[in-house]
Amino acid sequence: MEYIDDSFEAVIGLEVHTQLLTRTKMFCSCSNKFGQKPNSLVCPVCLALPGSLPVINEGAVKLAVKAALALNLNINKKSLFARKNYFYPDLPKGYQISQYHDPISSNGFLIININGTDKKIRINRLHIEEDAGKLIHAGDKSYVDLNRAGTPLVEIVSEPDLRSAQEAVSYLKELRDILVYLEVSDGNMEEGSFRCDANVSVRKGGTGKLGTRTEVKNVNSFKFVERAIEYEINRQISAIINGGYVMQETRLFDSKTGKTESMRSKEEAHDYRYFEEPDLPPLILSDEFVENIRNSFSEADLPSVKRKKYIKEYSLTPPDAEVLTQDRKVAYFFEKCIEINKSKGFNINEKQIANWIINDLLFYFRNSAFISKFLKNALKSPHGIDIFKDRFTVISSPPRPNLMYDAENIGELIEAAGPSAYSYLPDIFKVDNRENEKKIITKTIMSPENFLKLILEVEKGSINKNTGKEILGDMLLPAPGKEISKGMLLPYKTVEEIIKKNNLAQVSDEKSIEVLIKDVFEENPKELNDLISGKDKLTGFFIGEVMKKTKGKANPKTVNELLRKYIASYKRTGGN
Amino acid sequence: MQPLYELTIHELNGLLKKKEIKSVDITKSYIDRIKKIDPVINSYLSIDPERAMDDAKMADTVIEKTSDGDFPELTGIPLSIKDIYLMKDTKTTCASKILENFNSPYDSTVIKKLKENNFVFLGKTNMDEFAMGSSTENSAFKITKNPWDTSRVPGGSSGGSAAGVSAGLCAGSFGTDTGGSIRQPASLCGVVGLKPTYGIISRYGIIAFSSSLDQAGPIAKDVLDCAILLKSVAGYDKNDHTSRKFEIKDYPELVRKAGKSIIKGLKIGFPVEFFSEGLEKDVYKKIMDVKELFKDLGAQTIDISLPDTSYSIAAYYVIATSEASSNLERYDGIRYGYRFIDDKNKTGDLNELFVNSRTKGFGKEVKRRIMLGTFALSAGYYDAYYKKASLVRKLIIKNYKDAFNKVDMIAGPTSPTAAFLIGEKMIDPLSMYLSDIYTISINLAYLPAMSIPVGITGENSSSASKLPVGMQIIAPWLAEDKMLCVAKVIEDTVGFAEKYKPPLHESFFDEGKGRTADMADRSANIK
Amino acid sequence: MGKNIDIVNVMKLAKLNFEEAEIAGFDAELNKILDYINMLSAANTSKLEGLHEDLDYDAVVGHMSKTQSIPLLRQDAEEEKEADVCATGGFDFNVVKNDAPEFEPDEPDSDRGYFIVPAVIE
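Residue numbers (the working numbering), protein chains in the order written: chain H, 14 to 589; chain A, 150 to 676; chain D, 1024 to 1145.
In isolation and in its complexed conformation, chain H is listed as follows (with noise of 0.2 Å):
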């Protein structure tokens, strides 16, 4: 990117608060989920409630101390709670919970990659804390409801060791991906599990000596990161040649403007007053306990390390390494496609089989109208509505707590979800951590083997691409009327079975095309003039039309042949 002066240099830190992905919140054992009725999930310690008293929960420790070893951080084996003073309607007890001078985890460093080169960022720390209650705000009013009060967030602040905003961007992409393949969050930006203030400042490239630094909030997706970034760099910029001087204040983005605003430096107020808790013990580690959760992830389990792995033994291109990687569960996907292809001597290019997921898996689970079929398909199945209800609650903003989940308004369901839909999805590529991963993968509705088979009847030719790609569809969609046991939807079909029962097999005899060719040229005989003529280009029309007449199901490959040798046997005979 371009700033106004180039001889300025951007100095960036990130610091970005994840939610843990525990079954219950961090000070209590109410549950830590999303989207429920308001003020549904509260006890008297995340109600803040007099005389309750707050307790550690191990599993938010266990993430923890996993996050912190996945990013290089030195564990300390004794840290210590602190309070972090000030009112406000969404923070109950009036202090938030969190780790001050003592955090569980201090100096670390991930690396990313800029342009095919390695780059160490390096982290200052990462600490555990509580997330406050959501406000919401209607004309005279504001509401409060403190389901997510009290929820485990750890908080990662990097070193200013970011130099633009592209970087910014991969280390926090980096970072996500990491947290979200450990299980340790669901990196969800969208909704705030993932959220990220960057500190930026600017200096006179070559000097040592820092700017003053703004804190940017609210950006909430990587976009809008990088737009923030690049918006607060030139506006240094600009203030300091204009002979101005940048002020140390709280900045907060504005997607729509694309501008970065003063917070009108009401938070000069702020002296949070920080001390001990004095209701909780010091966090001592065990070497047994940190070492039980080294031992429980390996280094191959990193979508770097994977990201490596496909680009040098399938030859994928980084951008789809990427893509492949960005989940775990696809990258299961993808890994154990290639085993089978392997085992079973499918014998199937890689790189097909990462385009098939790329461009035609994946492309079902961001198509609002797949969406809306697919869950209207699992709310007609019995359990369906058991399943949706914890996952696809409340997405909108506001919430509307009111919305039923049943088919009718499940495309409202989708509207209010926005972009985020498809990840309340059933997991498809479910990956449960307490069960055997195999034995998950093939409990899935569409098998990777049968996806495999799939891939193959295109290749034979039997079917074409667009017609795979449609059953491909199919394959995905629940039975409706079929029983969903827990979490899962119906036993699926096989390709054959689809192929068969919608008659898709594609139309590859000669006669029956060569028969269909002539109807078409018939019904446009003006088109079929212009082309012996010389209008080359009307190939594709008279393809077209035919494809239309077979629904499809035509090889396109023998129709564009034939069609070729019926035009030019036309040129020589002159349209006889």
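Derived by calculation from the structure, the hints in this document are not laboratory data.
One thing to keep in mind: the hints can contain errors.
[What the hints assert, rightly or not] Cut-off 30 Å, straight-line C-alpha distance, at most; resulting in silico cross-link-like pairs (BS3-like, lysine-lysine):
{"id": "1", "chain 1": "H", "residue 1": "K531", "chain 2": "H", "residue 2": "K578"}
{"id": "2", "chain 1": "A", "residue 1": "K387", "chain 2": "H", "residue 2": "K91"}
{"id": "3", "chain 1": "H", "residue 1": "K386", "chain 2": "H", "residue 2": "K466"}
{"id": "4", "chain 1": "D", "residue 1": "K1035", "chain 2": "H", "residue 2": "K97"}
{"id": "5", "chain 1": "A", "residue 1": "K214", "chain 2": "A", "residue 2": "K237"}
{"id": "6", "chain 1": "H", "residue 1": "K230", "chain 2": "D", "residue 2": "K1035"}
{"id": "7", "chain 1": "H", "residue 1": "K97", "chain 2": "D", "residue 2": "K1120"}
{"id": "8", "chain 1": "D", "residue 1": "K1055", "chain 2": "A", "residue 2": "K246"}
{"id": "9", "chain 1": "A", "residue 1": "K550", "chain 2": "H", "residue 2": "K90"}
{"id": "10", "chain 1": "A", "residue 1": "K509", "chain 2": "D", "residue 2": "K1055"}
{"id": "11", "chain 1": "H", "residue 1": "K147", "chain 2": "H", "residue 2": "K186"}
{"id": "12", "chain 1": "H", "residue 1": "K91", "chain 2": "A", "residue 2": "K536"}
{"id": "13", "chain 1": "H", "residue 1": "K50", "chain 2": "A", "residue 2": "K387"}
{"id": "14", "chain 1": "H", "residue 1": "K561", "chain 2": "H", "residue 2": "K539"}
{"id": "15", "chain 1": "H", "residue 1": "K46", "chain 2": "A", "residue 2": "K387"}
{"id": "16", "chain 1": "A", "residue 1": "K398", "chain 2": "A", "residue 2": "K440"}
{"id": "17", "chain 1": "A", "residue 1": "K550", "chain 2": "A", "residue 2": "K413"}
{"id": "18", "chain 1": "A", "residue 1": "K509", "chain 2": "A", "residue 2": "K237"}
{"id": "19", "chain 1": "A", "residue 1": "K536", "chain 2": "D", "residue 2": "K1035"}
{"id": "20", "chain 1": "A", "residue 1": "K264", "chain 2": "A", "residue 2": "K240"}
{"id": "21", "chain 1": "H", "residue 1": "K342", "chain 2": "H", "residue 2": "K79"}
For chain H, the structure is supplied; the task is to place chains A and D on it using the hints.
Here is chains A and D on its own, set in the frame of chain H:
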């Protein structure tokens, strides 16, 4: 026969076991006594006779069903509870306007355990607002009187509990002790009060004043009752991260067995710092009498030094107020408790809601301490105040650690004076703080300590007030068992309860005497 | 140390407000208490060198205990179902709901809803 309200818990338990009386008889006796006496003493903030009778009937059913008297010792025993404990279906006000209408949505762990022991709940007792005070005068609702002299304070902050036990308004009570709030009122009211080792009794459901100092504990008519009450509520609680899986001994059994011989050879330390200026002469004399008594019983009395005691009040007020300033932030007028609503500006401004609700909801002493604590934690002052005080706390712990390397138990006065006059110290908060000089360091050091009555002031004078004097016994960490046993021998030897009684003569409660219009106004909220 | 309390700033932090007349009284009282507290600076805490850990609660009290005294962490729920129950002390949300200064159900007959506050101006 003595009226039932005068009997101890273990005496009542004996009668219940023998089926000579029923819990409803005991409970009735207390309810009558409360109706008659409490309008003068004001020990209760709320009582619920109907509920108490229901509890008693339930307890009687349990007793009837159990053979061999094998039911918990607190079965059918009417107790009062300091209004700082949450108990379902009761208001818990903490004697504050900000919680005036607060109904408890859950049970504190102590209450849960008492319920499991089939106790009879009489009512909630008065206290200093949020347990901040040493006289119970900081209650937002009423002034509790000392049963020995109604012009005097009962001490605080658990003044309602101590006065109630002393006046026969309950068989025993539970208070809390942050800097002496059980021991000092017990001392001033001539009853037994025990503050256990920090971490033995769950704090869950007890409204927090200062988390690292608060401990629950019993106030009782005698040492054995104290042991019974302690045993029934002590133990690890998964809802309180500061509680630990310590071994809880059979305190009542040990106390019952304790004879004079246990004193023999014991080294009892008397800290010179506890006999400094400001110690009332009669108090000094009574403690010296006990020192002699210890010697007579074969103990070795040793003068020891706790050199950093002089810093304890300063350190305490920094730590306690800092923690309190934070603990009391939850009273913000949003989810529960008092919310200020301006007539002309109903919805108002959020900041005004916070500020007005808190300013009008909290009493003066509470606000004073919030201010002090907020200041001590504020930017630029943390190191000089909070951090320094935390270090001084360690010095004090070290003092005690060193001392317990030399002696088995420490003894001294509980309070530098006997009960003072109502209003006497309200004008000067610092003088009130200084009255906790002997009790505060124990909380800072997480130690167990108890106060037992050992004598009376003004014995040789006809005009002087006859007020109880308490002696404090401080034991090493987790040595409640030994402490109770020593206290039991002293109690038996001194014979305080047999010799002295608060002068609550029947005539005192006659029309026109003692009962002023003011008292009638402030009488307990009897349902 | 020895500085006077900036009472207006502390009031702001503590969300308290005193009338002009009151401020003077509070100011005097607090500064008197503070004068007393300032004696802390004289305490010789250098004696603690190397002893800090030994004087922590768990070192001091736990040391005296023959039984287990390590603070126990709470186990995260194993199952979704376990996580749904959080009813310490038989917690009753209805009591909170009925007592709340201002509460609005999320739908007419709902048992749940929102606590209401004046608009939060961001």
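Which of the numbered hints are not met once you compare them with the structure shown?
Of the numbered hints given earlier, the structure breaks none, since each of them holds.
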